[in-house]
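The whole structure should be built from the sequences, with the hints applied where relevant.
Sequence lines, in order, name chains A and B.
According to the numbering used here, the first sequence holds residues 1 to 380 in order.
According to the numbering used here, the second sequence holds residues 1 to 333 in order.
Just so you know, these hints were derived from the structure itself, not from any lab.
All figures in this text were calculated on a predicted structure; none of them were measured in a lab.
One should not assume that every hint holds.
[Said to hold, decoys possible] Computed list of lysine to any residue pairs in SDA-like fashion (alpha-carbon distance at most 20 Å, straight line):
(1) B:Lys299 - A:Met106
(2) A:Lys231 - A:Ser305
(3) B:Lys299 - B:Gly227
(4) A:Lys226 - A:Asn300
(5) B:Lys279 - A:Ala108
(6) A:Lys226 - A:Gly315
(7) B:Lys299 - A:Gln109
(8) B:Lys299 - A:Asn113
(9) A:Lys81 - A:Pro107
(10) A:Lys41 - A:Glu125
(11) B:Lys299 - A:Pro107
(12) B:Lys299 - A:Glu110
(13) B:Lys299 - A:Ala108
(14) A:Lys41 - A:Thr58
(15) A:Lys41 - A:Ala99
(16) B:Lys279 - A:Gln109
(17) A:Lys238 - A:Glu197
(18) B:Lys279 - A:Glu110
(19) B:Lys279 - B:Asp302
(20) B:Lys299 - B:Ala284
[Claimed, not checked] Part of the chain B face toward chain A, derived, beta carbon under 10 Å:
(21) Arg35
(22) Gln103
(23) Ser217
(24) Arg219
(25) Glu221
(26) Cys273
(27) Phe293
(28) Arg297
Backbone N, C-alpha and C fix where the C-beta goes; we use that ideal spot for every residue, glycine too.
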Amino acid sequence: MTTSMTTSTTTSTTNSTTAKLLSYPLDAWYPTAWDHEITSKGIISRTIAGRPLALYRTQDGHPVALADACWHRLAPLSQGKLVGRDEIQCPYHGLRYNAAGRCTAMPAQETLNPSATVASYPVSERYRYVWVWLGDPTLADPALLPDMHQLESDEWAGDGETIHAPCNYQLVLDNLMDLTHEEFVHSSSIGQEELSESEFEVTHDENTVTVTRWMRNIDAPPFWLKNMRDKFPGFEGKVDRWQIIHYTFPSTICIDVGVAEAGTGAPGGDRSRGVNGYVMNTISPETDRSCHYFWAFMRNYRLESQLITTQLRNGVHGVFGEDEAMLQAQQAAIDANPDHEFYNLNIDMGGMWVRRLLERALEAEGRSIAAPAPAASSKA
Amino acid sequence: MITSRDDVWQKADVIAVNDVADRIRRIVLRPELPRPALPGEHIDVLATVNGEQQVRSYSVVEAPENGGHLVITVFRTPDSRGGSEFMHSLEQGQVLRITKPLQNFPLRVGAPYYVLLAGGIGITAIAGMAALLRRLGAHYRLVYVARSRAAMAYLDDLAAVHGDRFEAHIDDEGGSLDVQALVAGVPAHTELYMCGPIRLMDAVRRTWADRGLDRTSLRYETFGNSGWFDAEPFVVRIPRLGVEAAVGSGESMLEALEREGVDMMSDCRKGECGLCQVKVLSLAGRIDHRDVFYSDRQKASDSSMCCCVSRAVAAAPPTTSGERPAVLTIEVP
Numbered sequence: 001m002t003t004s005m006t007t008s009t010t011t012s013t014t015n016s017t018t019a020k021l022l023s024y025p026l027d028a029w030y031p032t033a034w035d036h037e038i039t040s041k042g043i044i045s046r047t048i049a050g051r052p053l054a055l056y057r058t059q060d061g062h063p064v065a066l067a068d069a070c071w072h073r074l075a076p077l078s079q080g081k082l083v084g085r086d087e088i089q090c091p092y093h094g095l096r097y098n099a100a101g102r103c104t105a106m107p108a109q110e111t112l113n114p115s116a117t118v119a120s121y122p123v124s125e126r127y128r129y130v131w132v133w134l135g136d137p138t139l140a141d142p143a144l145l146p147d148m149h150q151l152e153s154d155e156w157a158g159d160g161e162t163i164h165a166p167c168n169y170q171l172v173l174d175n176l177m178d179l180t181h182e183e184f185v186h187s188s189s190i191g192q193e194e195l196s197e198s199e200f201e202v203t204h205d206e207n208t209v210t211v212t213r214w215m216r217n218i219d220a221p222p223f224w225l226k227n228m229r230d231k232f233p234g235f236e237g238k239v240d241r242w243q244i245i246h247y248t249f250p251s252t253i254c255i256d257v258g259v260a261e262a263g264t265g266a267p268g269g270d271r272s273r274g275v276n277g278y279v280m281n282t283i284s285p286e287t288d289r290s291c292h293y294f295w296a297f298m299r300n301y302r303l304e305s306q307l308i309t310t311q312l313r314n315g316v317h318g319v320f321g322e323d324e325a326m327l328q329a330q331q332a333a334i335d336a337n338p339d340h341e342f343y344n345l346n347i348d349m350g351g352m353w354v355r356r357l358l359e360r361a362l363e364a365e366g367r368s369i370a371a372p373a374p375a376a377s378s379k380a
Numbered sequence: 001m002i003t004s005r006d007d008v009w010q011k012a013d014v015i016a017v018n019d020v021a022d023r024i025r026r027i028v029l030r031p032e033l034p035r036p037a038l039p040g041e042h043i044d045v046l047a048t049v050n051g052e053q054q055v056r057s058y059s060v061v062e063a064p065e066n067g068g069h070l071v072i073t074v075f076r077t078p079d080s081r082g083g084s085e086f087m088h089s090l091e092q093g094q095v096l097r098i099t100k101p102l103q104n105f106p107l108r109v110g111a112p113y114y115v116l117l118a119g120g121i122g123i124t125a126i127a128g129m130a131a132l133l134r135r136l137g138a139h140y141r142l143v144y145v146a147r148s149r150a151a152m153a154y155l156d157d158l159a160a161v162h163g164d165r166f167e168a169h170i171d172d173e174g175g176s177l178d179v180q181a182l183v184a185g186v187p188a189h190t191e192l193y194m195c196g197p198i199r200l201m202d203a204v205r206r207t208w209a210d211r212g213l214d215r216t217s218l219r220y221e222t223f224g225n226s227g228w229f230d231a232e233p234f235v236v237r238i239p240r241l242g243v244e245a246a247v248g249s250g251e252s253m254l255e256a257l258e259r260e261g262v263d264m265m266s267d268c269r270k271g272e273c274g275l276c277q278v279k280v281l282s283l284a285g286r287i288d289h290r291d292v293f294y295s296d297r298q299k300a301s302d303s304s305m306c307c308c309v310s311r312a313v314a315a316a317p318p319t320t321s322g323e324r325p326a327v328l329t330i331e332v333p
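Structure follows, in structure tokens:
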């Protein structure tokens with residue numbers, strides 16, 4: 001695995017518009033896991049932004065993220081066990097640490113070495129995820145969490161899954177910031193030719209990028225026709241379709257999607273004759289070439305129907321499986337063609353603004369922008 | 001926040017030196033590889049002592065310009081092993097070899113209350129923590145203890161910056177610190193960070209333990225260079241090896257044994273890891289245990305000692321110049 005040390009010592013003049021793979025900021029909240037994955041029954045191991053973490057929950061229910069390497073000989077603490085009150089015991093020589101990362105027991109001595117600690121990273125639990133802050137802990141303000149309120153709201157229903165995507169996290173952000181690919185990658189479900197024919201608008205500020213696309217008076221693709229009929233049984237006819245992509249630094253993209261009966265005022269704000277979903281995506285870099293891609297699909301109609309929740313989750317699972325295959329193939333091609341650069345198109349506008357915001361954050365942290373090329377990585 | 005021993009050496013220019021208290025000099029360095037320094041971090045410095053390069057550690061007092069400058073502050077010890085003499089000889093324009101900032105004393109963010117306790121030159125490890133806690137708006141007290149006002153670096157600055165969170169206890173002004181009262185007054189879940197002479201730190205450790213406070217909330221750093229007694233020369237013998245070494249007041253017992261060619265094992269050289277412990281076979285005098293590896297029970301037994309920092313002293317304070325030095329007979333692994 002490539003560590004941040006490798007990244008930070010890489011000298012590079014590459015900027016974000018030419019770097020194919022971006023490094024990741026550390027002064028940021030990243031999701032580690034779904035809330036239900038982290039328990040007080042056991043420890044899970046997960047690498048976020050190049051840092052192996054041991055994740056567990058105290059008996060009071062607070063999530064804990066410790067560096068997954070014992071202070072003594074770096075054995076993975078996640079392979080140890082939870083002991084006493086909220087302590088973790090190294091599987092190798094039994095050193096114990098509390099939730100603050102302080103060693104509480106050392107073998108064969110009556111005292112504790114005063115420098116025996118492992119990092120305990122700030123965590124925050126919100127929107128069904130447990131988030132971690134790996135950078136300067138004094139900057140870890142929960143107010144900086146991205147808005148994903150639909151995941152916790154009574155007005156929305158849905159569920160999601162995690163994809164362990166074998167690619168640099170920026171490729172997933174590129175994928176989500178430009179949905180023209182739906183016509184080609186998802187032709188049987190949500191793809192249609194109007195996606196790449198229609199115009200779109202991009203806006204941004206210091207922390208967000210928004211891409212808005214409307215397709216008026218078109219046939220609904222199969223996925224959306226099914227959703228319309230869930231809400232309006234027997235629906236026939238043309239629809240107005242929207243995709244409003246909301247990116248929030250560093251790696252959360254919530255996409256307001258839907259269709260409404262054509263000409264009933266959806267572009268002006270009246271969505272009452274339509275169906276509305278939110279595709280909630282938040283991505284944690286794992287290594288330079290892998291990431292944890294957490295997604296959910298939320299809807300604001302037929303909230304009581306578990307059938308629809310399950311159908312939508314399974315449907316999106318299929319759609320995102322198509323993305324995952326493409327992202328894996330793209331990463332392999334990037335690594336196989338180290339001397340070839342990306343060319344950029346009009347459709348990359350949203351993704352390019354995301355790259356710009358990430359580039360500025362990396363510069364502010366004094367870190368190099370580009371992820372190392374495969375040769376510089378110790379990853380097999 | 002993780003501890004680090006990644007000692008990459010680099011050059012650093014000495015760009016300013018000035019005295020900030022009696023025998024205390026502030027040294028501003030410009031490292032080749034700037035890096036922000038976190039509170040509690042120190043740098044290792046190659047000091048030239050008797051013509052040899054020796055490693056010494058100094059806390060980073062401040063690191064302006066994101067680590068473009070590193071400020072350290074050095075007390076010239078009366079019984080110096082030579083490092084502080086060397087550091088006091090530095091002049092603007094000289095070049096030193098230093099490491100990047102290393103962390104052995106991390107300040108945890110998020111405790112409900114903090115007490116920062118500095119004794120004398122220990123303020124160098126504590127000042128940066130106080131500055132950070134002030135910036136974060138944390139609940140903290142900064143307690144600064146010394147024998148005399150003249151020996152307190154940065155006293156006026158700290159008083160001005162930290163206002164009513166700051167208190168100074170100056171022995172020769174009748175303001176000695178009441179350790180019992182200090183520890184009794186801490187709210188539950190307080191984290192206490194301290195750096196200073198061993199008498200002060202031991203008193204706090206005992207009181208902390210007596211009150212049943214969480215021992216992991218008592219944080220300290222020791223470079224093992226202050227003892228219960230002044231350093232004095234003594235003799236160490238290893239019968240099995242036929243070795244007898246005279247340990248000077250300016251060197252450690254470990255260094256003296258190494259000089260005599262004894263194959264010694266050691267690592268931290270500040271009394272923490274226990275790797276340099278030797279068995280005491282007999283003792284004429286007493287042992288000045290300066291380590292934090294042994295418990296009080298183990299120290300009281302005098303059956304072994306950490307020879308990197310601990311010393312022997314004559315049994316009674318020397319009353320005549322004819323006082324014989326302490327003699328230690330030991331066995332080594």
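Here's how the hints hold up against the structure:
1. B:Lys299 - A:Met106: holds, 18 Å
2. A:Lys231 - A:Ser305: It holds: about 11 Å lies between the C-alpha atoms, which stays within 20 Å.
3. B:Lys299 - B:Gly227: holds, 13 Å
4. A:Lys226 - A:Asn300: Holds - the C-alpha atoms of A:Asn300 and A:Lys226 are around 15 Å apart, at most 20 Å.
5. B:Lys279 - A:Ala108: With a Cα-Cα distance of about 16 Å, the restraint between B:Lys279 and A:Ala108 holds, given a limit of 20 Å.
6. A:Lys226 - A:Gly315: This hinted pair holds, its Cα atoms lying about 11 Å apart.
7. B:Lys299 - A:Gln109: Distance ~13 Å between B:Lys299 and A:Gln109 Cα, so the pair holds.
8. B:Lys299 - A:Asn113: Status holds; Cα separation ~16 Å.
9. A:Lys81 - A:Pro107: holds, 16 Å
10. A:Lys41 - A:Glu125: holds, 18 Å
11. B:Lys299 - A:Pro107: Status holds; Cα separation ~18 Å.
12. B:Lys299 - A:Glu110: holds, 11 Å
13. B:Lys299 - A:Ala108: Distance of about 16 Å is within 20 Å: holds.
14. A:Lys41 - A:Thr58: Between A:Lys41 and A:Thr58 the Cα gap is close to 9 Å, so the pair holds against 20 Å.
15. A:Lys41 - A:Ala99: holds, 15 Å
16. B:Lys279 - A:Gln109: holds, 16 Å
17. A:Lys238 - A:Glu197: Cα-Cα ~17 Å, so holds.
18. B:Lys279 - A:Glu110: holds, 17 Å
19. B:Lys279 - B:Asp302: Holds - the C-alpha atoms of B:Asp302 and B:Lys279 are around 9 Å apart, at most 20 Å.
20. B:Lys299 - B:Ala284: holds, 16 Å
21. Arg35: The hint holds - B:Arg35 has a Cβ within 10 Å of chain A, the shortest such distance being about 8 Å.
22. Gln103: Holds, because the Cβ-Cβ distance from B:Gln103 to chain A comes to roughly 9 Å (cut-off 10 Å).
23. Ser217: holds, 8 Å
24. Arg219: holds, 7 Å
25. Glu221: This hint holds: B:Glu221 lies near chain A, its Cβ roughly 7 Å from the closest one there, short of 10 Å.
26. Cys273: Constraint on B:Cys273 satisfied, holds at 7 Å.
27. Phe293: holds, 6 Å
28. Arg297: holds, 7 Å
In terms of the numbered hints stated before, the structure departs from none.
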